[in-house]
Each structure stands twice: as C-alpha cells, then as structure tokens.
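Residue numbers (the working numbering): 64 to 163.
If you're looking for bench data, these hints aren't it; they were derived computationally from the structure.
Hints are all accurate, no fakes.
Within a straight-line C-alpha distance of at most 27 Å, the following computed DSS-like cross-link-like pairs (lysine-lysine) qualify:
no.	residue 1	residue 2
1	103	114
2	94	114
3	114	99
Here are the simulated distance ranges between beta carbons:
no.	residue 1	residue 2	range
4	69	103	16 to 22 Å
5	83	103	25 to 31 Å
6	68	104	14 to 20 Å
7	100	161	26 to 32 Å
All C-beta atoms in this analysis are idealised placements derived from N, C-alpha and C, irrespective of residue type, glycine included.
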Amino acid sequence: MSNYITAYEDSALRADIDFQEGLPFFHVEVKRDLSKSDVKLARQAFSEIKKSLVGMGYETLFAYTPSRHFARLVGGGFIDIPVEGADENMQLIVWELLEV
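Sequences are here, hints too, so could you generate the full structure?
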C-alpha cells in the first residue's frame with residue numbers, strides 16, 4: 064500500500080513523497096525547463112523535505128530514476144545503485160538523511 068503526499072509544488076516542479084511499506088520514496092515531476100532560480104528553490108525545498116522526514120524518524124529517502132541529473136541538482140550526498148532486472152538506465156537513489 065502506498066500513500067502519496069505532495070511535499071512541494073510550484074510552476075516549475077512538483078515533489079511528492081510516496082510511503083511504500085514504511086519507506087519514503089521521492090517522486091519529482093518537472094513541468095518545464097528549470098531556471099537557476101528554480102533550481103535554488105528546489106534545493107531549499109529538498110532540504111526542508113529531508114529535515115521533515117528526519118523529524119518523522121526516517122533515516123533514508125529513496126527514488127527510482129532513469130536520470131541522476133535532478134538528484135545532483137538538489138544536492139546532498141546519495142548512493143546510486145543500478146536496479147537489477149530493470150532498464151539499464153534505471154537507478155535507485157538513496158539519500159542518507161542524517162547527513163543533513
């Protein structure tokens with residue numbers, strides 16, 4: 064069972080957290096090309112999302128993505144793991160939240 068919560072939304076992007084089996088998964092929908100100010104806002108929002116998750120007792124945040132580009136844009140360290148049995152470009156991104 065999953066439970067989506069919109070954590071951030073503006074005209075450039077929407078960020079949801081999907082809780083799957085007690086683990087938070089990050090989903091981002093980019094609505095248009097991002098400007099430098101959009102990226103700055105996304106970084107600030109991602110930082111607040113991570114702090115909120117830590118406050119809820121979570122130590123990690125996960126995401127599946129075919130591109131690590133956005134994960135790099137929002138900053139913070141993460142582990143990049145190929146997803147076995149999936150498209151060769153699909154990666155599991157794991158952020159260690161306690162490094163916030």
